[in-house]
Each structure stands twice: as C-alpha cells, then as structure tokens.
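**Student:** These protein sequences, in sequence, are chains A and B.
Just so we're aligned, residue 284 is where the first sequence starts under the numbering used here, counting upward by one.
Just so we're aligned, residue 81 is where the second sequence starts under the numbering used here, counting upward by one.
For the record, the hints were derived by calculation from the structure and aren't laboratory data.
Heads up, a few of these hints could be off.
Said to hold, decoys possible - Once the Cα atoms are required to be at most 30 Å apart in a straight line, the calculated DSS-like pairs of lysine-lysine come out as: (1) LYS261(B) - LYS1101(A); (2) LYS923(A) - LYS708(A); (3) LYS288(B) - LYS1208(A); (4) LYS288(B) - LYS1101(A); (5) LYS954(A) - LYS836(A); (6) LYS370(B) - LYS972(A); (7) LYS864(A) - LYS288(B); (8) LYS617(A) - LYS754(A); (9) LYS415(B) - LYS463(B); (10) LYS288(B) - LYS659(A); (11) LYS1101(A) - LYS415(B).
Note that the structure is a prediction, hence the values are computed from the model and not measured.
Below are the chains, spelled out letter by letter.
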Amino acid sequence: MHKPYLINRFCLCFTAVAATLFYLCCCGQLSAQPTARPANQPTSAAMAATSTELQLSISGTVVDAYSKPLSNVKLFDKRGKLLTKTNIEGAFALDATLGENIYFRLLGYNQYKLKVTKAFTGTIRLQQSFLPPAKLALAANDTNATHNMVQVTPEDTSSLVVLQEAVTDATIQAKEQAEAETGIQGLYGIIPAYRFLGSVATTTQNELSYTPAPQFTYALPGRLAGLNVNQTEGFYMPSLTQPTSVDFFVGNIPTNESGAGPSDNNQFDIALRGHNSSLGQSPVVIIDGIQREIYSLDPSEIASVTVLKDALSTILLGQNSSRGALIVQTLAPKSGPPRLSFTAQTGWQQSLKMPKPLSAATYAYLLNEALLNDGKNPAYTEADFTAFKDGSDPYGHPDVNWYDAILKDNPMITRYNLNVTGGGKKASYLVDLGYLNQDGMFKGSDAHTYSTALIQKRYTINSKIHFAVNKDFDLGLNLIGRIMDNNQPGIGTLTVLNNLLSTPNNAYPIYNPDGSFGGTTNYSNNLMAQVMESGYLAQQERDILVNLDMRYKLDRWLPGWWVRLNGNVSVQSASFTDRSKQDPVFQLIVDAKGDTTYNRFGSTVNQHNDFYTTSWARYWYASASTGLDTTFGQNQVGLKLFYDQKQTLFNYDLPTVLTNYAFQGNYNYAKKYFVEGALNYSGYNRYQKGHRYGLFYAGGLGWDIAQEHFIKENAGWINQLKLRGTYGKTGNANVDQYGYYIWNQHFENVNLTYPIGSQYPGPQGVEQGSTLANVNATWEKAYKLDLGLDIDLFNHHLQGSFDYYHEKYTDIMQLRGKSIALIGLDYPAENIGQALYKGWEGTLTYQNSAGNFSYYLSGNVALQYTKVLFMDEQQQAFSWNRHTGLPVGQRFGLIADGFIQTEQQAATYPTITGYTLRVGDVKYKDLNSDGVIDQFDATALGKTGPMFYYGLSGGFSIKGLELNFLIQGVQNRDIYVDNLIMDAGFQGQNGGYGQAYQRIQNRWTPETAQSAIYPALNAGGNGYNYNPLFLSSSLFLHNGDYLRLKNIGLAYTLPAQWTHRLKVGSVKVFVNALNLWTWAAYDQVDPEISLPAYPIQKVINTGINIKL
Amino acid sequence: MQHYQPIQYQNSYPRMFRMFKMFAIVGCALVTVIFYGSCAKDYENIPLGQQQTLELTFDSHDSAGTYALRYLSEVYNDALINGHNRVSKDYLDAATDDALSSSTSLSAVEKLASGAYTSTDLNADDNWVSSYKTIRAATVFIVNIDRVPLIEKLPDGRAARPAYKAEARFLRAFTYFGLIKRYGGVPLMGDKIYELTDDLQLPRNSFKECVDYIVSELDLAADSLRSQKEINSGSYGRITKEAAMALKAKVLLYSASPLFNGGNIDPSNPLTGYTSYDKQRWQLAADAAKAVIDLHYYSLMPDFTSVFTTQNQPIAAGTENIFWRQVGNNQDVEKNNGPIGYTSAGGNGRTSPSQNLVDAFPMQNGLAITADGSNYNANDPYKDRDPRLKATVFIMTSPG
C-alpha cells in the first residue's frame, strides 16, 4: 500500500538530486574545458595578441591559512595556459596583461582569481576547499609532478631543482601524509583509493568541525550513506550504577552485556545497513587504529570518520567483522613550520518539541470529565475552576507551569580548541587540547557555593609524535587523554525529567508565603527543591590511551618487505560522588478563622558524602604484521600476514580476548584489473573450549574501465569507472549480550533460603543457574555480497559511488519459538535466526569553482530492506499473524478503526474478553471475524516496505565568505508514540492523578465524535484503549518521516591584508546551527527523541578561529 | 603501500642467503611474541560464582551432604511461597464479602471476584512457570541425592537420606496440587530431567491422572518422612509424615468436591475434572482425613489466638498445626494490613474487613447477633462477642 508512494518519493528525490548534479556537471565541464587543453600549446593568435598589450609586473607569495608558503601552486590564464608555478617559498613572478585574469590553482584549495589592474606585489592566501579533493586527483597530481618536471620550460629550472629537493627529502612520514590524502582509511591503515574494492563512506574534518555539538556522533546523521544515526537522548547521561550485581558469597557478578567494555555512547542509535545496535550489531569503533567504544570526542578534533560496510574491508575484525567498522582518525601531525590553530566558540541551546501542559483550570475540567466517564465522582467544583482561572488562591489552587519554572531558556555550550603541529625531516608532532562546557536546561541555585545544575565538562589532550629513526625505521607514539566531569542535581537528572513530565500544574505551589517549598501529602518532594536544593551528584570519567606504532622497512633484504608492530594500552575509570540531600515541603492550611498552619511533608535528609567507583576497565591491544608490496612490470602484488589480539578487562569480569590470525593478498594488473582475498582464523574466548575459533574469508574483484585504452583515448573526461564486488563470510560474536559464560551450566549459592529449625534468617541455599546452558553457542554469521560502482568524471569534479548489498545473516542469537516452561528453567539464546538485509546506497559529489566562487553539492541516499527468513516461529493460525517474511523487528498489534460512537455500537461491537465497551472507546478490527478481539487479530502495523534515508549537503565559498548546509531525512519510517502521560493523561500517581498535556484535548466527546484522535478520557489508566492485550495499537502509530536542516553555517575569513598586518595567518569568524529547522510528518513530538528522555537540542553557535 | 621500488632481479647468492636469514629472524621473533602471549598465566577458565557443578552439589564424597541439603532448602523456598498479600498485595479475603481491598483503583482480586477481570489485565496469580521451575528443582534432588553418602540418622535410627528425598517428593506433589487447583489436569513430568534437546510438547495429563499421581507420591513420601514426634529444634519446619497424610486428605477432598466430581464445567473433558460422578471419592477423602485423626496426635487448641502466637519447639502433641510455612520474625502482615494510623508497625491498610465479617461473629453466648436473646447492643457492638472477633479484626480497644 505504501510502496508506490515511497517509490514516487524516492524517484522524485533522486531525480531532483541527479538533475541538479547533472546541471552542475555541465557547468563544471564548461568551466573545466579550458584546463583540459594542454597548457603548452597556446594558439599563435593568442601569442600575437599578448605581445602588443601592456605588460604589468605581478609578483608575490602564495600562502595558506597559517601564512605558510604554498609551493607548486599553478598560475593559469583564462584560457587555461599554465603561466608559472610558485617555488618552495611560495613565490611567483610574471608579467601579465592589463585586464587579464590570473587563476591560482592548487588541489585541495579553492581557486583564487587575480584581476590584473595594476602592477601587483603582495601575498595571496589560498583557502582550503571545504571538501577534500578527489583521492584520485591527488594521486594523479603526485605522479603528474614528475611529468610536469619533464615538460617545464628552461625558465622554470630553478623551481624544478627545488621540487626535486622536496621529493628526495620526503620522509616516510611525509609520504604517509600524502598517502593519507590519496588513500582510503582502511581498518588499520591506508589503502590506495584506486585499488579499494569495498564499500565505504567518509566524512572529513570541515564537515565535522562545522557541527556545533559536544560529540562527533552529532555530525554523522546524513553524512554517511548506509549509516542510520538516530538520536535517543539529548544530553550525556553518565551511568551512576555499577554494572555488576553483588553476590553475597562470591563478591561481584558482572552483568556486563558487552565484551567490549563500557561504551560512552548513550545518546545515539548507530545502525549500519539496518542492523540493530541494541543486539550488539552496531559498527565497531576504531580510534586511531585501536578498537575502543569512544564517542565523546570533540568534532573538531577529528580528521575523518569512515564507515566500512562490506565483508572484505572489515574481515580483519574476524569474529566482529559482521558489524562493520566506524573508523575515527584524530588529527594527524603535519610536517613543516609550526602551525597553530585556536578556536573558541559558544552556542545557545534550545530544547525542541517540549510538551505543552494543560493549565490548572483545563486540567481540572478534563479530569472531571475523565472521572465522570469512569462513573466516578468529579474531583473539582465550580469554585475550584474559578480559583484556578483567576489565580485568587495561588497557594490553595496553584497553577504552575513547571517547564517555565525549572527550565532555563537557552543553556550555553562552550568549546575551546587549541591545535599545534609541525616538524622536520626526522620528526613531526601534534598537540591538540580541547575543552567543552555544556550546560543542561535545569535552573541551578545561586545560593550555594557548589553547583546543582546539569553540566557536562570535558578536557581532552591528544598528542602525536612521529619519528623517522632512520631511513627504514619509523616510530609513532600517540597519547590521548580525556577527563569528563558531569554534574547533576542530587536527585538525579532522570528523576527530575520524570517528575517534570508527570507533575500536574495544580499539584502544589512552588513556594509558600513564608518561602518554604510547597507540597502535599501526595507530593512530598518539590520539583523546584529537587532542582535547587537536592545537592549534587558529581560524576567523573578518566581515559588514557597510549599507542605505539613501529614500522620497519626491510627493502635491503627484499624490496617491498616490511614489518609493523602496534601496541596499545588504555585504561578507563568512572566514579561518582553523591552529595545529595533533601528538603522537606510544607502545605499551607488556612482554617475558617483565617489562621494559617503549615503541615510538613517529606523528610529532611542531610547532605550525603559518598563515593562510588562505577567502572574500571583496561584494554590491551597488540598487532604484528608483515608484508610484501612489490611491482613487476604492470603487475602489482601485495601480501600480508597479520596477527592481533585485543583484551578487555572490565571490573570483575574475566577478560575477553579476541584473537585474529589473518592472511591478505592483493594483485592488480596495470591498475586496471584487481583481485583481492583474505582469510582470517579468529577466536573469542567467551565460547566454550573447542568452539572458539572459526575461519572467515572474503574476496573481491575490480575492473577500472577508465584505465582501458578505448576510454583513455576516446573519453578522457572519465577519470575512473570502476566496477567492484566483494563477497565474504563474516562473524559477530555477540554472546556477551545474552549472558555471562552462557555455555556453562552451573549451580549458584543463594543467600537466605528457607529457614529450618530455629535458624532465622534461613541458611545458605544452592540452586541451579536459572538459565539452561547453551553449550553450542557460537557466533552469528553473515554472507555478505557487495557490488559497487565508483565514478570520477570531468577532471575529478564529479565523484560517485553506488552500492548494492545483499547480506544473509544466519545463526542469529534468539530464543527458540517453542520455549516451553515445562522444562523448568529459562531457555538460553541459541543460534537460530536467519535474516536478509539488502539495499542500495549511492553518493554523488560535485565540486568546482568559477573565478573566486567555489562550490560543492553532495548527496547520499540509502534504501534498506530487511526480511526475517527464519525465526523458529510457532505455527500461526492466520496468515496475518506471521512474523516470518516481514522486516526484522516489525511491530505487531491491533488495528484501531475509529471510535465507538453510539451505545448500540458499544453493545454489539467485538471487544476484548471481559471488557465492556463504552462510547468513545477505540474500535479494533476483528480480523478473523470471530466476534472477539484477541491475539489472532494482531497483525503487522505500519510500513513493511524499505526504509529510505538520505542527506544532502552543499556550500560555496567566495572571497573568504563560506556557506555550508546539511539536510538530513528519513522516509518510510514509523514512530510509535504511546507515552501514557501525554497521550492518555491522568495516570494514577502518588495516590492521585498525574499530569496531562494539551494533546489530549483531541479526545473523543460527543461533540468531537468525528474529529477525535484519542479515545474518550479516563482517569487512572485503561488497558483496553491504551495497551490492548499488551500489544501495540495502530492508534499510536504515526508516520515517522522527517527532514531536518541538520546543520547550516556561515563563516567569514578576514582579508589577508588585515590579518597579515597583525602577524596572524588568518582569522575566521563563524556562526553555525544544529537542528535549525525540522519538518516531521507527525509534528506532535520530536521524530527522534521520545520523552521523558532529555529533549533534542537546537543549537545556534558563534565562534572565532585564529591560525598562526 | 605503493611507494616501494620495483624488485631488481639479480642472481646474487649471498644476498638471497641474507634475505632468508632475515626472514628467519623476523619469523622467529613473531612466533615468539605470539607464543609467549598465548602461554602466559591467565585467569580462571570459568568465573567465580559459576564453578559449582552438579557433581559438587551432590557430592559423592561428602557424608554430610552440605551442598545437597542447601539445595533442598532452596527447593523448600521455591515450593512454599508466601501467601500473605499474594495477589496484587491483597488477601484473597478481599475477593469475598469478608473484606475489601484498600487500593484506590480496582484491585486484581476484586476484579477476579466481580468478573471485571479481562484480557487487558496481567495475570495477577501467574504461577505456571514458577511451579514447573520448582518441579524441576525437586526432581533434580530426587534423582541425584542417592549419590550422596549421607551418614545422618533420624532420631528413630532410620537413615535420613530417604526422608530428605521424601521431603522433595512432598514439595513436588504440593506444587502439582497448586497447579491442578488452578488449571485442572497438567503435564506430569515424572522423574525425568529434561534438557535443551528434548521435545517438551507434552500433552496434559487428565485430572484423574494428576490426582492419582499426587496421592501416590504422597503415600510414597509418607513412609520415609520423619514423624512429628521426631521433630526437634534442629529439624523444626521440615515436612513430616503427618503433613503428607494431611495433604493427601486435602487433595482427595478437593477432587471429591462438586467442581471436579459431578460438577465438572465441561463434563466430557477429563482435563477439567472427572467425567463422571463417583460417591466413593468422598469416602476416600474421609478415610484419609480419619487416618490423620486416628494418630491422636493433634487436637484443637483451647485458645484461638495461641494457634497463631505460640510456637512450640518442637511442636508438642495436642496442637493444631500440621504443616506451615516458616518465615523469620517480621511485621509484614501487620504493616501491610494494619489500619492506617496503627503506628506501632506503620499500617498500610491493604485489606479492610467488612461489616459482614464482623457481624458474622456470634456473641460470647454462642448466639448470632441477630438471634433473640443474644444481648447484642448495636451501640456497643464489640461487647461480649466471641473472643475470636478481637483476634481477627482491629477494633477501637485493640492493643495499638
């Protein structure tokens, strides 16, 4: 039913993107045309013309944003003739005709146009392009350098000498820097782009640093095709409990659900190609070559985030290779004179889609209506209504909008970042310091010397040193440190958020006339007191990662032979200090005589001073690899042996150890035909002995048609047209999600069992572990096929990448369909399920410049199908009850079909056994027409078609002014909104009734019978309308499509003339925004975050960046 | 990795030799690193807390049977669940005219009583899963205890092991009884311990088969259990022979009652009761009860309150208590059900007795309050009433 609609949308959207890009390509090609013409063949007419015009002397230096000279910048005239190039000092000199335009071009930098109006001498600053240039363009540039040298005219000999010097001086480091720019970030190293066969998506530094957010994860939605990032929490919520359960006899029993140790991601659901992140299927995070679940890093400290999606490119992960990988590279050192960059920025946050509570009078009116519907006595009188309305009795009849009372309008987020890098031939270094201070939305108290507010503070240091010990031996040392200090009200953020949602406006006044906190017997804790006077909880997290990387070239033994050793140790600890307290509340009673008394409720709890260690983890990683990269004739061969081991030691857990022994080989002929293969014998120690190791494999083929002569000769505008495909068997060892040593059947001690004799309390007992052991537990397997096409056209101005994937997952851990309680223990998760994940992804990027105007447009789309192939489903009575064959995780429930409108309908309409229908109740479809609503009437709710998500980014730069934007959206998505407080109202609470929101005014009444979207009100909950048969109801299922202007930013770099006078490289001022505008098909709630989670934030941010 | 020079093919023997030497050195180094890494002393193979096996629990070398008896304690704990305020924190009395639940909303017991219970309610008395867990736990003990060389003797000189085994057997039968009360005939698991690979799609046994099985199990248990006389302060609380006999009488009485015997809700369905009426079933129940009476060990106690407040250790002859659940000292009953404002225990007033219940108590003279000459005074309703009234409900003069 939804399919044609979707396809229409999809086609429309895609056509629009494609048309825009096509248009841009045409323009681009036109402007690119002159460049294509060989520079050394100027027409004789042009030569003749120049000789007669007035020649002016033009000279100067070309520098980058740090005022460091840029060499090899090419100067062209408007016909694309190469005039000259800058030397190693960035200097150039030429004579030019009056009125002529000179174009300064350097890959990776925006084009600069100089109009010759008079003799010029000065500094020209090139600005880095927002998106990095095509990898192949950079690679071609490197090889072209030699060609150019051959072709240069005698006048240029001086620059030739310098260039040659530069090449010979290049260390391995410098070469690697170049490699990093021209290659694709693989799992543990750079893979040259021309021979990369896998499926990949990357976002780079400028895009990341434009995101005004505390973590880099905020910058991912919409940037990476195939990665669906959904935000579930608007603020970092540190864990305040030990992730262990305490056993009386043994000590602490881990309840760790991830063998990887604690993750600091509690704000995002990161799903690659539709895999459920809650089942341990989210991509493995690799930070600077090390597997660590670290997400809380400043976006501007990250050089790139790459997602690897196919089997071949992740096969070295062995038993985790099914999950894909998210490769995070922090900024890398850059050789040369010291470059210093300092950024300060601050933003205003604003919560989106905060619910609108009912005013006290409306609340009272609707509660009465609900009570009357239930046949109960109304709770409020006419006099109460009046008092609520006119506010004549603010203490007896309060009307407090708690959202206004305890929330700040615009909490601030402030970030500072200092980055210094530089180095010489032998060594290069980088130091990066970061600071974050993010305020939460609760008002804090000024009455104390301590803060009771919600605050996240983070300090990071990242230092990297590379040494070229000798010409063969290279050493890299990387040290990352992070401290996080999180403060929250003593009662806890979650409690405040829950109370904020559920406390009615008329529950109690904030303050009494005497200044004490208001309250009643039912509400013995005042919300304002919880925010202001409940003390604080201070949570701290500390992380240190030390990474040593050694490479040795053994060329003198065998050319192309190398060895690499890599080791990492990192520790993490988290603790918190509880300094919470509680203040009592008072109710003001005025008796008939006008005498006032205060009744005290709640207790005084003096400030605690307790310290808890919440988690401690140590990670150990080592890898050793050796390989041979060699070329003979047109043949290139690469061979590699690889071993690594990752150990995680977490709290009281026994360590998890993941070991891989792998072999990789690649071969290509003339960079045209590619073959690659890998084997990985991988083991995980959390399985039973004998069940630990498995063999995983992957292979790929590629063909770059653009390298064929018939293309090279006939269609030179095609730089790359590569067909590629990979296939492999991968694994996912997610057994830790399902228990601790689930293969081990055991008996456990029980404390305080049945007392015999006079022994009270009872003696120790012993019982069988509550879950049957799964002795055969093994890893989930996936058979992944990925077919792709990479294009690079029009002199590298247009790049695209398209993928089709088909991934069959088997041995998925799940409970068997026939888990019968007669066995007397719980069934374990077993390797049962089979599921299919398939889909299409595409990315298309165009970038070019015309004069001083540089621009780009980039779009990515992903269409994602999932299907349950096998789930050991019990025989279902009716076809619509079946889950098998539907998308993974399909929601099931009853179909709501309007409301009962008349008493006669109420008497005759099918209902749930035992429930008596009344007017205004939901009607459910009786699918099997047996006159009863039961589980046989449950069916798939909502969309069963593929989900479609996309991102479109673009921007331009002209004379220092930059504008960039990102639009991100999801189509064919459902959201289920059944928060009873907001969608039903008047939930039983504290012996009374809880808050209700304006949304429920759309309830059924005889007057609104036709327009109602909620059933008739009731007080205290009604399972029939809101939770029928403990299933979902389509009444609460809404279209979840949305589109966000996720990110937009404007920046201005002050003119070079101004800043050079101040001896500053460049000064950039900017303003950017996050979640500035959202369109959602269902606009009552935020499409991503459901309350009472911390709401999603809109951020408007300003800042300044200074480079020296 | 394409920045290396192409191989220069030369035929140079020393160079090849050096190359192989280097290969060997690097290879050995790698192997050493890997080998060393995998051989270093590690941690436990199985985590602490998970190391106890079946063999250790039923240790064939432990004449004290320490772990086995601890295991039995836990079977007791599983089988004998606390019945106070069990269903939605109410007494079952709240489902009758005797009492009301004090819950602000309609409580589960009241819904059960008034027919307001629907498929939108969770099962407030769900014990299917927990019952079969108990049955498995008891069976594991029954099957494995014979391996333990217990030397303990009962006071009468018999070996203690059969008694412990019989206790587990009783607890299992008691659990089955709880199931058939609620569901009618249920699958009987026998003495087999089912494993993951077993087919568990077992049919329900008929009501008759279940009753017969429970009775035969209780007969079997009664022979080996210690009798009440042998109970001492160390074994106080254990299942006795008399308990098994009394439970048998109760099971037979229930099965003889009209709901199952003659009044089966579906007369043709052997799962919900007997398919035909048999008067003899009443006789069996009576005989079983008579067997307990004929022990002449138990008798009604003279004082009603002392049934609940005196705890003889060991139970002496002439008491009423045959079988009970042990708990430690606590005030849970008082806290949950004492009236709000009854401050010595902090009453929550979960269950409120009805006037019907109060009026049902006769006067001290034995006459109903409505009877002529009962001397009932509506203005002083608690005066000269049956003393059991004050022991059952709180009245104004109750000790607070």
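**Student:** Does each hint fit the structure? Answer for all of them.
**Tutor:** Evaluation of the provided hints:
1. A threshold of 30 Å between alpha carbons decides the hint, and for LYS261(B) with LYS1101(A) the separation of about 26 Å falls inside it, so the pair holds.
2. Distance check on the hinted pair: LYS923(A) and LYS708(A) sit about 28 Å apart at the alpha-carbon level, within 30 Å; holds.
3. This hinted pair does not check out: LYS288(B) and LYS1208(A) have alpha carbons roughly 41 Å apart, beyond 30 Å.
4. The straight-line distance between the Cα atoms of LYS288(B) and LYS1101(A) is roughly 27 Å, inside the 30 Å bound, and the hint therefore holds.
5. The hinted pair formed by LYS954(A) and LYS836(A) meets the criterion: a straight-line CA distance of about 24 Å does not exceed 30 Å.
6. For the hint linking LYS370(B) to LYS972(A), the alpha-carbon distance of about 60 Å lies beyond 30 Å, and the restraint is violated.
7. Using a Cα cut-off of 30 Å, the hinted pair LYS864(A) and LYS288(B) is violated, with the two alpha carbons roughly 62 Å apart.
8. For a cut-off of 30 Å, the pair hint linking LYS617(A) to LYS754(A) stands: about 19 Å separates their Cα positions.
9. Between LYS415(B) and LYS463(B) the alpha-carbon distance is near 27 Å, which keeps this suggested pair within the 30 Å criterion.
10. With a C-alpha separation of about 47 Å, the suggested pair LYS288(B) and LYS659(A) falls outside the 30 Å cut-off, and the hint is violated.
11. Restraint check for LYS1101(A) and LYS415(B): not satisfied, since their Cα atoms lie roughly 42 Å apart, outside the 30 Å limit.
Hints 3, 6, 7, 10 and 11, counting from the list given before, are not met by this structure.
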